[in-house]
Amino acid sequence: MKNIITTDKVNLFYGESQALKDITLDFLPNTVTALIGPSGCGKSTYLRLFNRMNDLIDNVKITGNITVEGENIYQKDTNIVELRRKVGMVFQKPNPFPKSIFENVAYGLRVNGVNEMSVLKEKVEFSLKQAALWDEVKDKLKKSAFELSGGQQQRLCIARALAIEPSIVLMDEPASALDPISTAKIEELIYELKSKYTIVIVTHNLQQAGRVSDYTAFFYLGELIEKGITKELFINPKNIKTQNYITGRFG
Amino acid sequence: MNHLETEIKSLKRNVVEMWHLVNSQLDKSQRVLTDFDKNLCQNIKVNEKMVDTFELMIDKDCENILALYSPVAIDLRFVLSVLKVNYNLERIGDYASGISKLVNELENPITQELFTSTKIVEMFNLCKELLKESLISFEHENNWETRNILCRDKAINKINRDATKIVSDYIINNPGDVMIAMNVLSIIRKLERVGDHIQNIAEELIFFMEAKVLKHQKKKKDISE
Ligand SMILES: Nc1ncnc2c1ncn2[C@@H]1O[C@H](COP(=O)(O)OP(=O)(O)OP(=O)(O)O)[C@@H](O)[C@H]1O
Ligand SMILES: [Mg+2]
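Protein chains in written order, with this note's numbering: chain D, 528 to 778; chain G, 336 to 560.
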């Protein structure tokens, strides 16, 4: 199988300080990869490379080679709107727009030029079903998204990300603010989405990484220490730093 | 030290204690056999209850650690291997008391000729030696010490295999000692099982220390190189 995302010797600097050091790491399509590591090790920074969200930050310098679906995404003529359609993102805190539930999900479609109501309806319903939220909201689609619970809002954001049919979904601690039931729903969801999407998820919950991911990559101080099949990494990590981190023995 | 480390340390302490207990059970059952010291049988019986108590407690400890701490990596391998080491130790303890019961049934001590021809004492010593070595390797968490135990049950197995012929010959020549001879053979069979359980333990320890699965592999020596 061909890698859907590749990063080759990637370095990233915020001004003078280097946040990513020589990261070489690839992702297979239709897999879930968990990025783990202590706070500040560069997980979010790394994740933001794939939809060029780091571009929004001043003074960022990036070297190395990053491809998505075989294409270098840091070319002069890279179409960023198109890239962000391919690479959806879900953030730690649910961030619905101050609009109705329906319009939240329809938003990306409208931006991409879909306006026909019947198509919108169909796609919104489909996305909400994929995000395991449909049954809970089907009777109140016109209500404000803010009337939903945190867990529902997060699934709404997932539905919003899925509506534009990306091939890659990035999730930055998507369940960190949720109770165990909502978390379980999101995890269930991730598991099911895998058949259609490639998912990269940042999580501080190691059990969650163990439950949802096929591969796990451990970052430490801006470096990629170890990447492996999740089961193997959690039973027999190759690097002592990985072992110290996942067993909670870091100073 | 974090909570999990404390739990694991205390689990290890309990396992070591159980190991010593099983060791001493084996030791005592040997004395029952060689010295025909039936007084010790009662003591072994009491201590067998202790072994059972340890087994239950260690199982419970493992359950709690798994449920509450979701250990991973070396911690997970430790708990998983302890679960099985625990089981194997309990079995060894069981065989030790089984042996003392077999001797207790006899009216007369075992003859010197049977001791010498079957090499049962040598077999006993081998088992004790391996059990002690495995305990030390567990305490040190030393994989080379553990690997040193693998396949060392060959001598035990040979004594077991040879015993059938030796004992049946003995019965033919000493028809009055049938009961003694049969029990000696039973004890040898039990010691052979003890050797197997020690091998199992060593394999579990290798899994814990190296994450390698040696179970049901033929050429363990090769893997160890
Ligand atoms: N916008 C920014 N400007 C300057 N430095 C930044 C910026 N964002 C992150 N950094 C720095 O880059 C490093 C990596 O940060 P990043 O947010 O990627 O870490 P993280 O692994 O996601 O941490 P956490 O688990 O806490 O979310 C940190 O040292 C951080 O201070
Ligand atoms: Mg982050």
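Treat the hints as calculated values from the structure; they're not laboratory data. The reader is advised that the hints may include incorrect statements.
Claimed, not checked - Computed cross-link-like contacts, DSS-like style, restricted to lysine-lysine with a CA-CA straight-line distance of at most 30 Å: (1) 489/G to 768/D; (2) 493/G to 765/D; (3) 768/D to 436/G.
What the hints assert, rightly or not - Derived, one-sided and incomplete: chain D residues facing chain G with beta-carbon distance under 10 Å: (4) 731; (5) 733; (6) 752; (7) 756; (8) 759; (9) 761; (10) 763; (11) 764; (12) 769; (13) 774; (14) 775; (15) 776.
Built from N, CA and C at the ideal position, the CB exists for glycine as well.
Now the hints, each set against the structure:
no. : hint           : in the structure
1   : 489/G to 768/D : violated, 40 Å
2   : 493/G to 765/D : violated, 40 Å
3   : 768/D to 436/G : violated, 52 Å
4   : 731            : violated, 14 Å
5   : 733            : holds, 7 Å
6   : 752            : violated, 14 Å
7   : 756            : violated, 13 Å
8   : 759            : holds, 9 Å
9   : 761            : holds, 5 Å
10  : 763            : holds, 4 Å
11  : 764            : holds, 5 Å
12  : 769            : holds, 8 Å
13  : 774            : holds, 5 Å
14  : 775            : holds, 5 Å
15  : 776            : holds, 7 Å
The structure does not agree with the numbered hints 1, 2, 3, 4, 6, 7 stated previously, though it agrees with the rest.
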